[in-house]
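Generate the whole structure from the sequences, applying the supplied hints.
Read off the chains here:
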Amino acid sequence: MTLDTTPRIADPDGFFALLVEAHRGLSAEESRRLDARLVLILANQVGDMAALCAAIEAARAAGTKVSDAGR
Amino acid sequence: MPSTYQNPRYPPAPTPQGAQHRPVVIAGAGLVGLTLALDLARHGVAVTVLDEDDTVSFGSRAICFAKRTLEIFGRLGLGARFTQKGITWKTGRVFHGDREAYAFDLLPEEGHEYPAFVNLQQYYAEEWLVEACLAAGVEIRWKHRITRIAPDAVGATVIVDTPDGGYALHADWLLACDGARSFIRESMGLPFTGQVFRDRFLIADVVIKGDVQFPTERWFWFDPPFHPGQSVLLHKQPDDVWRIDFQLGWDADPEEEKRPEKVIPRVRAMLGEHVPFDLEWVSVYTFRCRRIERFRHGRVIFAGDAAHQVSPFGARGGNAGVQDADNLAWKLAAVLAGRAPEALLDSYDAERIPATDENILNSTRSTDFITPKNEAARGYRDAVLELAAHHAFARPLVNSGRLSRPSTYAASPLNGPAGWEGGAPPGAPAPDAPVLQAGRPDWLLRHLGDGFRLLVFGAPDAALVAALPAGVAAVFVTAEETPGALFDHAGLAASRFAAPRGGAVLIRPDQHVAARFALPDPAAIVSALERALCRYPAEAAA
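In order, the protein sequence lines correspond to chains A and B. First residue of the first sequence? That's 1 in the numbering used here, and the numbers climb one at a time after it. First residue of the second sequence? That's 1001 in the numbering used here, and the numbers climb one at a time after it.
These are computed hints drawn from the structure, not numbers from a lab. Incorrect hints may have been included.
[Claimed, not checked] The calculated label-pair distances, taken between Cβ atoms and stated as ranges, are:
(1) B:Asp1461 - A:Asn44: 50 to 58 Å
(2) B:Lys1262 - A:Asn44: 37 to 45 Å
(3) A:Ala58 - B:Pro1469: 55 to 63 Å
(4) B:Ser1495 - A:Gly47: 24 to 32 Å
(5) A:Val20 - B:Pro1276: 52 to 60 Å
(6) B:Leu1519 - A:Met1: 40 to 48 Å
(7) B:Gly1189 - A:Met1: 46 to 54 Å
(8) B:Gln1213 - A:Asn44: 28 to 36 Å
In this text, a Cβ means the ideal position worked out from N, Cα and C, and glycines have one as well.
Next comes the structure, spelled out in C-alpha cells:
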C-alpha cells in the first residue's frame, strides 16, 4: 500500500470543522494528548508500515521551511 | 539487612607455587562464569575459575530466569532446582494511574517442561552452580584477584593477587566473565559502544509479613497514585521476598535514596499503612545499553555483562549471559578436543553479536517507553496507555519490557539446509515437546544437547544409525508407540518442527538446530556436521 495523497475526504469543510470542534475547550496539553490518541487510532487504521513511513516523511517534509528545503 | 539468606563463605584457595599453566581460565565466578565452567567441565575440559571474592552474589540481582535459560540449566542438570525453589509466573499486568491498562500471558502454549519464567534470587542460582561445578571437577580459586593480563598468540598470562601472596598463570584460553566493570576488558582498552540513560531506579527487596494482596504476576505501573509521574515494577521472589523497582528520575541522589528513612515511606505508600514489611536489600542503579565491538579477541573471549549490558526491563542481562555460555562452551570444548578448528570460535561472535543487538534494541525501546526522552515521546506514551484500557490495538504498543526470548541464529555460518518450510528453522533453539518414553512421561529436550543429535521423525533405523558420522547420536520420534523411539503422543514434537514423516533434524550440543533434511541422507548429514563444526573441506574429506 502506498500513501495516497490525492483528495479522499468527501466533505473537507465538514471534516475540518469536526477536527477543530474536538479540541474546543481543551488546554494545549489536553489538545496534544487528543492529537496523539487520534494519530495512534488512525495509524492503526492504516496499518501498513510502508504507508506509515511515507506519511511521517510527508508530514516532516511539509513542515520544512522553504529556505531549508534545498539543503 | 538480608534476613532470608546468608551468603556462604568459601575457603580461599592456597597460593600455588611454581610455574602455572592451565588450558582454560575463567575470570569471574558469577552467573555466567559458573555456567560456562560447568558446561565446559561436562564436556571434559579442565577449567579453573578465578574470583576476587569468596561468595556468591550479594543481593537478589538478576531474578527473572527465562524459559530458554531454564532449558540450559535443565541440560546442565539443575533445572528441577530452579522450578522447585523459583516462583513460576506467566502473567503480566500493566497499570496506568489507578487503572489496569491490560494484562498479558507470556506462554499461552502448553507442552513445555519449563515455564515462561521463574523468579529466583541470583545467589541461589550461583550457589547451586558452585556445587555442580565442584562436583564436575571445576577448580574454583576464591580470593584470587587478577591484577594484570598480557594476551599473546597462544593464550594469556594473568598476574593473580591472593591473600597470602601472588602468582603468574598462563592460560591457553582466558574467558572474561568478570561483569560490567570487567577488569580484563578495561585492561585491554576495549571501548563500549551504546548509550547511557539519564534515569535512576531504586530496587527495594522487601519481606512482606502476613497477607499479601498481590498474586504471582509481574505488575508494572505507569504513573501510579503512590509514586506519581514515575514507573514501578513488582515481582515476587521465593522466601516471601518482593522486588519493587521504583523509577526515581535522573536528579535523584543515589546515596540519599538508599537510606531506609527514604525507602520505607516509598514502600509504605505502595503497600498501605498497615502492611508490615522488612527491607531485605536496597540498591540504586542507572543503566546502559551497549556492547564491545567483538567478543572474541584471539584467545581472550568475553561473555555476559563483560561483553554487553542492557537495561533490566525485559530480563535480558542474566539470560543473555547464560545463553552466551551455552553458545561458547561446546565450541571451545570441540576446539580443545581437536574436533574443530579455532575458526569455530568466530561463530560465537557471528551468533551472539546479533543476539546481543536484538537484546539491546528491545531493551532500548522499552527504556525509551518507560523514560520518554522528550515531551512528544511522553505524549505518545501516555496516549498509548490511555487507549490501551479501551482498545485492543493499543495494547501491543505498551512497552513495559519485552521479556527475554531466545535468539534464532538465522544468519549463522554454521547453519545447513532448512530441508522444508515452517517449524523451528536452522539457528533456532529446538522447541520442547512432551513425549512418552516406554510409556513414561518425558520431554523431548531431555534427549537433545551436550553432543550432536540427529532427531529423526520416524521408526528406529539401524542402517541410518550405522551410517551416522562419529559424534552424532540418533533420537527417533514416532507418531505411534514404537520400541526404541520416543512416542510423540500429542503430535507436538512433529508440529513444532513442522517435520514431514521421515524428516530429520541435526541438533547442536547447545540444542540449536543445525540443519534439517526431508530425507536423511548420510552424505548430507556429514556435510552439515562439517559445516556446524567449521571444519575445513580438506579435513572433511580425510
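Here is how each hint holds up against the structure:
1. Evaluation of the 50 to 58 Å hint for aspartate 1461 of chain B and asparagine 44 of chain A yields a pass: the beta carbon distance comes to about 52 Å.
2. The hinted window of 37 to 45 Å between lysine 1262 of chain B and asparagine 44 of chain A holds, with their beta carbons roughly 42 Å apart.
3. Alanine 58 of chain A and proline 1469 of chain B have their C-beta atoms about 58 Å apart, which keeps the hinted 55 to 63 Å range intact.
4. Against the hinted window of 24 to 32 Å, the Cβ-Cβ separation of serine 1495 of chain B and glycine 47 of chain A comes to about 29 Å, which satisfies the hint.
5. Under the hint 52 to 60 Å, the C-beta atoms of valine 20 of chain A and proline 1276 of chain B, about 55 Å apart, fit the expected range.
6. For the hinted restraint 40 to 48 Å between leucine 1519 of chain B and methionine 1 of chain A, the CB-CB distance of approximately 41 Å keeps it satisfied.
7. For glycine 1189 of chain B and methionine 1 of chain A, the hinted distance range of 46 to 54 Å is satisfied, since their beta carbons lie about 50 Å from each other.
8. Checked against the hint of 28 to 36 Å, the C-beta distance between glutamine 1213 of chain B and asparagine 44 of chain A comes to roughly 35 Å, which is consistent with it.
The structure fails none of the hints (numbered hints given earlier).
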